Amino acid sequence: MKLFKITALVGLATLVTACEDLQMTENGPDKTFDRGLDKKHLSQLEAGIWVDPNGCDHWIIDDGVEGYLSARLDKYGKPVCSGVADPTYTAGDFKKGATGLIGDPV
Amino acid sequence: MVNTLFKTIRIAAGAALVATLALQGAAVNAQTQSQSGRDKGQYIPTIWVDPDGCEHWVMDDGVEGYMSPHTNRQGIPVCHRGNVCGVMQSDQFFATNSARISKSGQARLRDFFTKNEAVSYIITGHTDSRASDAYNMRLSLNRANSVAKVAQSAGARIADVRGYGERMPAASNGTTSGMAKNRRVEIICIR
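Heads up: the sequence lines are chains A and B, in that order. For the first sequence, position 77 (counting from the first letter as 1) is numbered 77 according to the working numbering, and the numbering increases by one without interruption. For the second sequence, position 126 (counting from the first letter as 1) is numbered 232 according to the working numbering, and the numbering increases by one without interruption.
Keep in mind that the hints are not guaranteed to be accurate.
[Said to hold, decoys possible] One side only, chain B facing chain A, incomplete, derived with CB under 10 Å:
1) TYR172
2) GLN180
3) ASN222
4) VAL225
5) VAL256
6) ARG297
What the hints contain is simulated information worked out from the structure, not anything from laboratory work. Since the structure is predicted, the reported quantities are computational estimates derived from the model, not experimental observations. The C-beta atom is built at its ideal place from N, Cα and C for all residues, glycine as well.
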């Protein structure tokens, strides 16, 4: 019985180490890929618009477990406040990155 | 005696150096705790291009995502294409030093704004580099406002109206044709 426990423990430890090894190869300084099931390059993200309380636009992306938000700027670097939606509301489909399995849990 | 004192100072300096190095080591560790030190605090981003054609820095850190606009050090976004959908050459719409648009010019503009189906528009006026900066700022804003008024009468939504005077030239002010190019009103279409 005791021997079994020890064997199980060693096995578990090996498994955990293996997982960490796998992560080690994945979570390096290169942050340019989605680490989810689809492993896509981040240039493939699809955005919608979120309007901030001042009425100005931001690109919003829901990529499953990651969320992205970045200011929409015009060519002069000024915020774009288009009026496409009321403040705090969104426009467009920005949840395409959520997969069927993971869905959009939060 | 002097020798002993010197030795003491040396030891103290050495200890201070070791303490400083230890502190730096701690700072590096603190930075990288989120990834158990695997990325050593380095986050290499990639580029995402938004539907307007402008770049953003983007990173995926496992279950976190980060994004921020890619601008140059002056705060101007890096864009592959702008969403300028119309450039009015001022010479065709305004008399020199005037912000009044002719009847035919107004009709052309109304036609443009009726056919265009943008969500809203940003109108920016520009001049060449003759006359003073202050005068050009005023004239370009007045001209942009004239265009915005016609747009509104055609049912368009105006997001912003600005006058940049001679500060955002599109061409060199050293030639006649360059100056003519700089006398313009740009219409940005927000879709």
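Verification of the hints:
1. Interface restraint check for B/TYR172: the shortest CB-CB distance to chain A comes to about 7 Å, inside 10 Å, so the restraint holds.
2. The interface hint given for B/GLN180 holds, since its Cβ lies 8 Å from the closest Cβ of chain A, which is under the 10 Å cut-off.
3. Interface hint status for B/ASN222: violated, as the beta-carbon distance to the closest one in chain A is roughly 14 Å, over 10 Å.
4. Satisfaction of the interface hint for B/VAL225 is found here, the shortest Cβ-Cβ separation to chain A being roughly 5 Å, below the 10 Å cut-off.
5. With a cut of 10 Å, the hint placing B/VAL256 at the interface with chain A is violated, because the nearest CB-to-CB distance is about 19 Å.
6. The interface hint given for B/ARG297 is met, as the beta carbon of that residue sits about 9 Å from the closest beta carbon of chain A, less than 10 Å.
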